[in-house]
Amino acid sequence: MEIPREKLRWIYERMVLIRAFEDRVAQEFAAGKLPGFVHLYAGEEAIAVGVCAHLTDRDYITSTHRGHGHCIAKGVDVKAMMAELFGKATGVCKGKGGSMHIADVDKGMLGANGIVGGGPPIACGAGLMAKTLGTDQVAVCFLGDGAAEQGTTHEAMNLAAIWKLPVVFVCENNLYAESTPWTYHCAAPDIASRAAAYDMPGVLVDGTDVFAVYEAAGEAIARARRGEGPTLLECRAFRYYGHFQGDAVSYRTPEEEAAYRQRDPIQRFRETVLSQGLLSEDELDAIDAAVQHEISEAVRFAESSPLPPPEDCLTDVYVSYPVEQLAFRH
Amino acid sequence: MSERQQASRAPGTVGIIANPAAGKDVRRLVALASTFDNQEKVRIVRRALAGLTAMGVRRVYYLPDSFGIVTRAAENSRFDLELVPIPVACTFTASDSEQAASWLAAHGVACVITLGGDGTNRAVARGCRELPLVPIATGTNNVFPYLVDGTIAGLAAGLLAAGQLDETCLERRPCLEVWIDGTLVDIALIDVAVSRERFLGARAIWDPNTVQQVIVSRVIPGVIGLAAVAAALCPIPSPTGALVEFGTGSVCVTVPLAPGLVTTVPVRAWNMVSPGDEIVIEQRPCILALDGERELRIEDSHRVTVRLSASGPLVLDPRLAFSAAAKRGCFVMPLTSTM
Amino acid sequence: MVVTTRVLSYRQAINEALRLEMRRDPTVILMGEDVAGGATIKHIEQEGAWGGPLGVTKSLVSEFGRQRVLDTPISEAAFIGAAVGAAVTGLRPVAELMFVDFFGVCMDQIFNQGAKLRYMFGGKAKVPMVIRTMIGAGFGAAGQHSGCHYSVFAHMPGLKAVAPATPYDAKGLLIAAIRDDDPVMFFEHKMLYDMTGEVPEGDYVVPIGKADVKREGSDVTIVAISRMVHIALEAAKRLSGEGIEAEVVDLRSLSPLDEDAVLSSLAKTRRLVVVDEDNPRCSVAADIAALAVDKGFDYLDAPVKLVTAPHTPVPFSPSLERYYIPTPERVVAAVREIV
Ligand SMILES: Cc1ncc(C[n+]2csc(CCOP(=O)(O)OP(=O)(O)O)c2C)c(N)n1
Ligand SMILES: [Mg+2]
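Chains as they are written, first to last, in my numbering: chain A, 4 to 333; chain B, 1156 to 1494; chain C, -6 to 332.
These aren't lab readings, by the way, just hints derived from the structure by calculation.
Cβ atoms here follow ideal geometry from the backbone N, Cα and C, with glycine treated the same way.
Wrong hints could be hidden among the right ones.
Stated by the list, open to error - Anything over 10 Å on all C-beta distances counts as not near chain A; from chain B, calculated:
#: 1; residue: Arg1202
#: 2; residue: Arg1214
#: 3; residue: Gln1254
#: 4; residue: Asp1304
#: 5; residue: Ala1317
#: 6; residue: Pro1329
#: 7; residue: Leu1339
#: 8; residue: Pro1421
#: 9; residue: Ser1464
#: 10; residue: Leu1469
#: 11; residue: Gly1484
#: 12; residue: Met1488
Unchecked claim - What follows is a set of in silico ranges between Cβ atoms, one per label pair, in the way DEER data are often shown:
#: 13; chain 1: C; residue 1: Pro19; chain 2: B; residue 2: Ala1209; range: 42 to 48 Å
#: 14; chain 1: C; residue 1: Gly58; chain 2: A; residue 2: Gly230; range: 50 to 56 Å
#: 15; chain 1: C; residue 1: Leu293; chain 2: A; residue 2: Ala34; range: 47 to 53 Å
#: 16; chain 1: C; residue 1: Pro19; chain 2: A; residue 2: Asn161; range: 36 to 42 Å
Sequences and hints are given; from them, build the entire structure.
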């Protein structure tokens, strides 16, 4: 596996951008500046980035409630994302979606999702489009370990398999669904093996190693593009924050957290490329600095942007509809 | 007093190390390997426990894993067995298997049943010293372990634990030692591949063009993986190893590099390797794949040698065990009036 | 008998109702995602377990154990359907659908199975179950976690639906719902959990199908549901300053509907405003208006006014969400139009 230098830089930049974005969002949330629920992706960066490294803007992804990382890896503008989280008119969804429904179809990002298991069928639809129109686009469906228990996930995997759709299911197994450990919610805690039931390859991947994810995802996506059908990748990783901001994380032990933090994806990337002399320390530090700057700029942009005018509540419900019937009755 | 003798003073205990991650790597995608689901491993262990109890084993030490293979195997079954978790701090990586094996070796169990492929057994072999392995194949590449039913493995291990078998049932396997700057850093049981890859990535090796040379610990016909190249070149099973240089020059061989992946591999040269021989690895950049998995990133300044050792792990051969036990009449009982 | 009351939050009142009914009736069980929390994790078995994402069922697992407080996988169709099956066969399950917006995932089990079984079986079965679920905007939880949607359920024959607005009603209605022999949808407004009020100790029932006059008045009837009762009361206070006395009727039950309560208040005030946070099309609010026109036409001195959410999903941004949720100002304006 060769990874061009530029791609390596991109991988690093995206991973630290996700980390910095999430750390900053945690701060802003704690300061009471962000409404609603926020689910952070820190610790799982290698998965989104390792997978999306093989996608173009024409390819599609579906995401989850923990969707900021997928957005960033798919190239969604960070300023517009931050503004969205602040509920501003300049947000990528004009302030209508927020953290849990953040999306940018222009970038092939079909939305974070407030419904666990909402994404897999949608990904099948995007795959069906590509297959029907004979394009080489693929759809990647990110889902959590918890989502693996949702009926829609199973139905979608079966559908993708019988129609040989260009879909890659990427199960981000971070060992918990909210406070419930996957060893409880999963009868046979072995998600990769479920692929066998749907006649597709199922692979277990170290989701804290971006090179492992990159290589396995590259193969799965190439297979999908060749028209050979879907794949299930189970990527194991760890979320650093609580399930949502405000979760005291009583269900995890400090030892468990410490063990996982030893395998930090960004740290591991740095060690690999430095020991191989592929990128220099100065280069990486410069990326870190640029990312910090980008995040500060994004927050500044978000804070100084206006809230949407209240009547915007009534736009975008339909493509066409009598406006007077959208508003209040009296 | 040797550790083997110590073990025989504590009859009736056996270890089990079952790797929940075995049989699920990228070769499902880049080749046609089957996924080895963990529920099947549970059933195999359950049958092994049946075999062990039948031979009188009453205590089994096991490596606790994220799936709970061994505890699930014992659930709902009325095995008259004490199951004791091996006290290792689980990191859910290969080092757990190594730690568990060395704990078992230090605590005088008779043998350890392993579930996994070559990679799992490599990890166990790193820790097990003179403790015999009873390896059941549940991996992707299974050159080292036996394709044997859990019942048979359990019975064989039970016979050994019960003191019914002697050393003739044990086979001493070779191994390849990897030395970096004069320190033994790792071993391989089957093969060491020198890869031009820069990244450990998805670990497995399936593209022969990335390989510069392969050293095998033993030439074994009918195997899958990089070791198949040596077997294709040197038809006679021999107690010696081999060194194969990949690249155009001499011949091409058709080999199964992974399950379902039959490829042509260009070979420049090959040689036999004898125990004690050392091969200096010159290739840079270089990654060493041990038993088919990219494991070690080699830095430019390192001096790396691979040495063939005749004294790798001890393995209990179930067939030899059964024929020895039958000779001793282990399975035969006098007719009693209760029948 | 002296009944002591104390001040409890809406959240505590719900928790207490569950606790009392579980003590009284061993067939009452709870199930839902994280309703106990941290299943199988030993160190939080007694304390620290979530008790639902907003802590509504906190510590019930310590008293009743995991046999009766069941954490479920994220499989709403399976566990809500299991509640139906358990109810038909003898338990009184209380299932939690974390947010009502998730009903899409499990609607078949609710409306084709739970709601229709009794009828289709010719009355030979009953389905005594409760689905507790969170509703409402105001939290910034956006499109898929903020809806009310109770109108959908009130529309369906076979289901009962209640939506308490105060801690007192929450406790009494939940006890009634659990004791009811039909499937009851129990809607909890997430913005009310921290609201406090007087709640008697011990068990008592607020009958399903009975509205409650939360404020008496003579000039206009304001019928409101759930959190909107408080919006209506605030509007009534302001109107009172202008010399308009509004009567606020808290519907409490959406199905069955307390038609008499609405009509008798209407008979008194001759004017009707309905305040509802749900979307207006085919809604409970529209149903009340239809009731007034159908059975109370002769009382009406003015058109019926509806103050509802717009016909849109719930937006995220605070500025948009404020626009979405009916306000006292809008209620006051609606009243002024007809008084
Ligand atoms: C249909 C549905 N049920 C329940 C929820 C509430 N919920 C949100 S996230 C979550 C846990 C998801 O776990 P997992 O899929 O493992 O993703 P993770 O949060 O670990 O990334 C739950 C239960 C939901 N949003 N949608
Ligand atoms: Mg999870």
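Looking at the structure, which of the earlier hints fail to hold?
Of the numbered hints, all hold.
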